[in-house]
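Novice: Chain residues, written in single-letter form:
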Amino acid sequence: MVYFILKRLIQSVFVMLAVALIAFSLFRFVGDPVSQMTGVETSVEDRERLREDLGLNDPFALQFYRFSSDMLRGDFGFSYRTRQPVSEMIATRLPATLELGIVSLIISLLVGIPAGVFTALRPRGFATQAILLTTLVGVSIPTFVIGIVLIFLFGVQLGWLPTFGRGGTTDLGGWTTSFLTVDGWRSLILPALTLGVYQLTLTMRLVRAEMLEVMRSDYIRFATARGIPYRKLHFKHALSNTMIPVITIIGLQFGGVIAFSIVTESVFQWPGMGLLFLESIRFVDIPVMGVYLVVIAFFFVLVNLLVDMLYILIDPRLRVKEAS
Amino acid sequence: MLWRLWDSDGVYAFRHSPAAIIAASVAILILGGALFAPWIAQSNPYDLSSFSLIDGLLPPVWQEFGDPRFPLGTDDQGRDMISAILYGARLSLLIGLSAMVIATVLGVSLGLAAGYYGGRFDAIVMRIADVQLALPAILTALLIDGIARGILPPSSIENLRVVVLTIAIALSLWVNFARTARASTFVERNKEYVQAAMIMGQHPLRVMFIHILPNIMGPLLVIMTVDLASAILLEATLSFLGIGLPADSPSLGTLIRIGMQFLLSGEWWILWVPTLFLVALVVSINILGDFLRDTFNPRLR
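Protein sequence lines correspond, in order, to chains A and B.
Sequential numbering from 1 applies to the first sequence in the numbering used here.
Sequential numbering from 1 applies to the second sequence in the numbering used here.
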């Protein structure tokens, strides 16, 4: 088991190195860092001196090494646009995006898994057909349109919920959270729903497909014959065997959550990392773009590492294999 | 000849699927409208002299103050909504279709070669595909767009918006084609007709494109329809985010972005008309894609 985790860890390090290389190449080759930092009136000698001071004349490998070790120490450089340290900019935006992503993921699981089980157990029922049709339409409607529809219904027509910003937040030593005020929760509902809908349809369809597969297997038939109560049969014997692929997909979906959070944050003017990334693209703020990529990759790797460890908890076979 | 086509499996399934017929009609209607926009539309939304501010913010014809000249109303500039949508759909479809074609050519060529040669080339292509698959398409497209903004001189960037957008979308969609083409090529390569062609000493390119390609077209066709829908959605999303096309040459996404400004005031048609149009287009293409998948893949029937 230690070997298994160690192997995954080493793979993760390589993935992070590859992403860091992309971010570094972005910084180094897209546009000239020196001309970004200096004005028109800077003389050629000053530019050359700055180039030398920044170490831009050193070999590529040395520059990359310096870039990576700076990153490890939390030094992400400065934004071309605001001249602030990128680490600060990211740190103030990170909580908003993470809270949005986590709440939408919870919504998608709390609704998606039961809906998937239900539609698999009653494949011919009227409710099932209705749910399946709804998800087909749900997949086809772009995220930003879902956001607009929700804003129109609950913000404009009914006037129940706020439609932009985070509302009231509480500062917990650098981490601003929406979870502690009623206003914060109210602001969170619409964006989280928007972001959750697509994940929800995916989760539901996957659970349904896996459930259908498992229900046909011999051990379920045998358990039925033994007279095990249906509730226990469905939710303990069957559902727990669908969890491995479901958890894998949830790990992979994390990338999707992040990507669509860019769209959601733009619709709701949610002050998260996605909005920051969009601004950085509009103003060709390369350092912020690069760091955004690295931070996203870090969370992606982290989540998938956790997923791998969850496998061992969920699937007894993996533990036995390691022991033998 | 025509009778045989009418009687073939695919057409038979099509005739008996009302959803597919409706979806195809909607798609053809929109496609035709977009194609013939300059002849159908009463005004050209890119031509400032063809509309006037006096006609601004007119509601659709069935509402009070509606003007029969503008059946679906006008926007704040006095542009006829129908004309704006037709021209917008024209641009959206142009970008979506070209991006899909580029992605198909690139992905299928790489996939065919990877499946045919195997070995190191295959490993490299598939690792790149794996990495890209972990990144969602929209993130890839945004990144490519950002890189293009950094590399290209600012003066030429506005003229190249359409090209940059098309390439960004194409490069984020090629992976599906490559993976599918590779998997099918692996199966086909060991069949006797391919072995025979190879033994006869035919050029590998000829074997790949003349012999193997026609036999793996079925699944590729399905991906082409699904990815056309994705490409149109991606373009709309990017334009909506303000990264895609500028406001003076509006695609459907740009029109929705403009309409968002009227969400809080009463001018609902400026937002909902292009939105409904986009959703109708994408849903009908997706239904056609589902239909093709069910038809070409008997195992799923």
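Because the hints were derived from the structure by calculation, they are not lab data.
Please note: incorrect hints may appear among the correct ones.
[As the list claims (entries may be wrong)] With a straight-line cut-off of 20 Å between C-alpha atoms, the simulated SDA-like cross-links for lysine to any residue are:
no.: 1; chain 1: A; residue 1: Lys236; chain 2: A; residue 2: Ile312
no.: 2; chain 1: A; residue 1: Lys232; chain 2: A; residue 2: Leu202
no.: 3; chain 1: A; residue 1: Lys7; chain 2: B; residue 2: Arg127
no.: 4; chain 1: A; residue 1: Lys7; chain 2: A; residue 2: Phe298
no.: 5; chain 1: A; residue 1: Lys7; chain 2: B; residue 2: Asp130
no.: 6; chain 1: A; residue 1: Lys236; chain 2: A; residue 2: Val34
[To be verified] Beyond 12 Å from chain A on every Cβ pair, some chain B residues (computed):
no.: 7; residue: Ser109
no.: 8; residue: Phe121
no.: 9; residue: Ser284
We put the beta carbon where it would ideally sit given N, CA and C, even for glycine.
Novice: Hints the structure violates: just list their numbers, smallest first.
Specialist: 2, 6 and 9
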